[in-house]
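Novice: Chains as they are written, first to last, in the UniProt record's numbering: chain A, 1 to 567; chain B, 1 to 359.
These are computed hints drawn from the structure, not numbers from a lab.
Any given hint could be a false lead.
Capping the alpha-carbon separation at 30 Å, the derived lysine-lysine pairs in DSSO-like fashion look like this [as the list claims (entries may be wrong)]: (1) A:Lys143 to A:Lys279; (2) A:Lys468 to B:Lys181; (3) A:Lys468 to B:Lys228; (4) B:Lys133 to A:Lys473; (5) A:Lys559 to A:Lys473; (6) A:Lys110 to A:Lys299; (7) B:Lys133 to A:Lys388; (8) A:Lys16 to B:Lys24; (9) B:Lys108 to B:Lys133; (10) A:Lys468 to B:Lys133; (11) A:Lys279 to B:Lys16.
Pairwise CB distance ranges, derived in the manner of DEER restraints [what the hints assert, rightly or not]: (12) A:Lys560 to B:Val172: 23 to 33 Å; (13) A:Lys111 to B:Asp213: 51 to 61 Å; (14) B:Ala273 to A:Pro12: 35 to 45 Å; (15) A:Gln455 to B:Gly43: 18 to 28 Å; (16) B:Val215 to A:Gly26: 34 to 44 Å; (17) B:Ser155 to A:Gln454: 27 to 37 Å; (18) B:Glu32 to A:Gly556: 50 to 60 Å.
Only part of the chain A face toward chain B is listed, based on derived beta-carbon distances under 10 Å [as the list claims (entries may be wrong)]: (19) Ser10; (20) Val11; (21) Asp20; (22) Pro419; (23) Pro422; (24) Ser466; (25) Ala469; (26) Pro470; (27) Phe471; (28) Arg477; (29) Val478; (30) Thr561.
The beta-carbon is built from N, C-alpha and C at its ideal position, and this holds for glycine as well.
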Amino acid sequence: MADTAFSGKSVPIKPKLSNDDWIMRGAMILIGLVLIIAIILPLYAMLSKSFEDSDGNFIGLANYVEYFSTPALFQSIYNSLSISVIATIVVLVTSFLYAYALTRTCIPFKKFFRLVAMIPLLTPSLLSGISLVYWFGNQGVAKELLFGESIYGPIGIVFGSSYWVFPHALMIVITALSIADSRLYEAADALRTSKIRTFFTVTLPGAKYGLISAGFVVFTLVFTDFGVPKVIGGNYNMLATDIYKQVIGQLNFQMGAVVSVVLLAPALLAFVLDRIVQKKQVALLSAKAVPLVPKPDAKRDMFFLGFCTLVAAVIIGMIGMAQYAALVKFWPYDLSLSLNNYNFDVMDGGGWDSFYNSIELGLWSATIGTVVIFFGAYLVQKGRGFEKGRGLFQAIAIIPLAVPGMVLGLAYIFFFNNPDNPLNFIYGTMIILVVVTITHFYTVSHLTAVTALQQMDNEFEAVSASLKAPFYKTFTRVTVPVCSPAILDISIYLFMNAMTTVSAVVFLYSSDTSLASIAVLNMDDAGDIAPAAAMAMMIAYTCLGARILHALLSRGIMKKTAAWRGR
Amino acid sequence: MADKEKYLRIQNVVKKFGDFTALKDVSLEIEEGEFICFLGPSGCGKTTLLRAIAGLDIQTSGQVFQAGRDISALPPSERDFGIVFQSYALFPNMTVSKNVAYGLENQKLEKSQIEKRVRELLETVGLPEQGEKYPAQLSGGQQQRVALARAIATSPGLLLLDEPLSALDARVRVHLRHEIKELQRRLGVTTIMVTHDQEEALTMADRIVVMNDGVIEQIGTPIDVYRKPECAFVADFVGHMNFMNGQVVESDRIQIGSQQLAAKTNGHKPGQAVQVAFRPEDLVAVEDGDMNNAISVNLKDIEFLGSFFRADLTGGDLGQSTINADFSINLSRRVNLEKGRELKIRVPADHIRLFPMEG
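Given these sequences and hints, build the entire structure.
Specialist: In structure tokens:
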């Protein structure tokens with residue numbers, strides 16, 4: 001060999017960046033900076049606020065000392081924890097049985113039960129509180145069922161919370177139970193294992209990670225929720241309502257910040273634990289399982305049909321009562337129907353304008369959010385080199401999931417309401433509502449996009465580069481069309497959450513930018529419960545409409561692209 | 001600078017992934033129009049080298065020159081190559097024609113020109129009627145032809161094929177092997193193909209680059225690599241090879257088992273322990289009693305492989321060692337190949353190769 005021709009040292013190479021590389025990195029850094037401004041800096045502002053007195057002087061842990069020496073305040077930690085634990089148990093059991101019925105039995109009307117279970121997603125969590133007032137409140141129709149106990153307090157919070165987080169848990173558990181391997185059951189049968197033993201040795205372990213994950217989700221949602229305890233909590237204090245009271249009621253921003261930190265800590269812990277558990281799960285999933293097809297079993301199916309009917313009846317009862325109450329003239333004295341309660345313009349809460357504002361917020365969040373989030377995920381997934389930057393971006397994109405809405409909203413006050421902040425001008429406008437909503441729901445959307453992008457062949461970018469196609473051409477002509485179902489999913493997710501969220505925006509709306517969900521809150525606060533129910537139902541119908549539109553669009557896209565999606 | 005610059009020159013290329021060194025100072029020259037195969041087991045660095053040449057994963061150090069141009073640090077988009085992957089990487093939402101036209105559109109050609117060229121290309125790869133179909137509607141072999149057409153559409157100076165046949169059925173693979181080779185010869189495009197399949201490399205390549213553990217073990221024509229492996233790794237990896245421990249006795253004699261044989265000892269000193277290698281198909285069953293360079297063995301087992309028999313031989317001069325010998329069907333008609341039988345086997349001196357003992 002002509003080795004002599006090569007003799008020489010190996011010259012270190014510094015890769016030259018193409019125009020695409022520059023643009024992609026620049027865009028990613030830009031989105032990364034926006035994320036830092038939208039999540040990291042506000043959280044930092046809030047954290048530092050918790051160490052300051054009302055004049056802005058650093059006072060160390062004094063606020064925390066005050067917090068923990070005020071029983072009325074730290075009692076809320078116990079309250080929040082115990083309510084969350086109880087609700088988690090209730091929801092896990094219910095959603096497991098319901099999911100089991102949908103995946104492992106032969107009950108009829110499975111589609112119907114599945115749809116009914118998703119109803120709570122259409123409304124703000126406030127609605128479940130309002131419904132409970134009509135069912136079990138002081139003038140409630142079924143008040144006697146509580147045997148003298150008051151619905152205003154722990155019972156109401158657990159019931160209401162369980163109602164609205166049910167679909168969140170159900171979706172996870174259904175997924176976990178759907179991936180059963182029928183070969184395991186055949187093996188258990190062949191070994192003459194009893195049904196009970198099979199359940200505890202095959203079914204339950206198989207769904208273990210799904211249940212754990214659902215548990216964390218339910219715990220965090222209930223722990224950080226503001227809507228249900230606000231409406232039905234009475235004098236029972238929870239952390240999320242404490243923040244609201246400190247900030248809105250007493251204008252004690254420092255204490256609000258302290259409570260936020262206290263609220264953030266367990267949420268953060270649950271988040272970290274969940275991620276550790278989920279990492280384990282990936283390793284346990286087997287590649288090719290034979291899907292389980294349930295066989296009829298009259299007794300079992302009867303039981304589960306009864307159970308599902310009961311749960312569905314409760315869900316329909318909750319939303320149905322809200323609708324009924326909204327149409328009743330004067331509860332409980334004049335039960336004739338009218339549309340008087342929809343005359344929002346004569347009530348406190350911003351009137352019909354707040355409803356239109358909500359739709360505007362939903363549309364802006366869905367469009368801008370989807371574009372930014374999907375493009376950001378694309379840059380992270382398909383960029384070339386720059387591993388450190390991409391890793392950092394990925395880490396920042398995960399953070400919003402761990403931050404409760406109340407905390408985020410309060411953090412925004414501290415950060416954006418600061419007169420020294422050049423971005424101060426967005427305070428009190430629609431812009432800040434859009435920013436906080438997109439940020440609040442960033443992570444789930446980001447992960448949806450990442451999953452879709454990961455399913456695409458990694459060599460598309462390599463081929464495009466070899467064909468001298470700029471990245472944006474391949475992005476618009478290949479990536480976006482192929483990922484269109486995921487993109488639609490992200491936009492509907494953002495829209496529905498923008499319509500129903502209360503927690504993040506409650507600190508940030510102004511008289512010009514009141515929202516439908518805020519109107520529900522304020523009307524309820526002012527005692528206009530029926531109009532509040534009416535507005536909550538307006539939100540529900542809007543979300544339902546969006547859902548139907550989404551389903552139609554998805555089906556249309558699938559039909560149009562069936563030729564190339566193939567298989 | 002040399003009087004005639006080679007088309008592709010790879011000079012002292014090193015690629016590190018963290019602590020792991022995937023390419024250890026690799027140098028290589030490729031002539032214009034050559035068909036080169038990078039052959040080696042998985043993890044040997046062959047794909048890493050291909051991706052460095054493409055600029056997809058640029059080397060840590062070392063240079064790459066293409067047509068006299070230093071492309072070492074250039075991003076893929078500024079290099080001149082077409083590439084085909086094992087996964088085809090066809091854009092699923094575009095028809096076959098659109099896929100093939102993708103690179104042409106970036107050259108700002110006129111629409112009619114593009115259409116004409118796409119038709120030609122589809123004709124060339126044998127898919128003239130399939131232009132309006134989507135990739136998902138084609139078979140694996142057809143998809144890979146489309147990928148090939150797309151890669152050569154812009155007439156790149158260098159064609160890179162990353163295990164293009166590995167995902168296909170055995171039959172399709174053999175067929176497409178010939179077609180790719182034929183196409184390459186017709187276009188005269190310099191081509192590098194990565195493969196772990198030695199048969200593919202032997203049938204397609206002008207020269208094979210055998211790689212192992214981040215270094216090039218041997219570069220040579222298929223016949224050279226097969227007949228004159230330069231190291232035990234190549235001898236073992238390409239084709240089937242018997243290895244026995246032996247010793248050099250004289251400058252032209254070696255000992256294996258209890259028998260001395262004539263062999264070229266090229267460089268190995270008398271008394272030195274060596275690995276003695278010879279291929280099963282080079283062994284000859286002695287039918288005429290001529291014991292020149294022959295050993296006496298027992299037929300332990302015999303396996304029918306369709307066009308020939310492969311025998312396990314042991315005992316006799318071999319002692320405990322076992323070697324393989326391939327016997328033709330013709331031979332089996334003349335010679336009794338019963339298990340347990342004693343056989344005389346000639347090991348032609350020309351076909352014995354010696355390698356230093358490992359470690």
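Novice: Honestly, which of those hints from before does the structure not fit?
Specialist: 1, 3, 7, 22, 23
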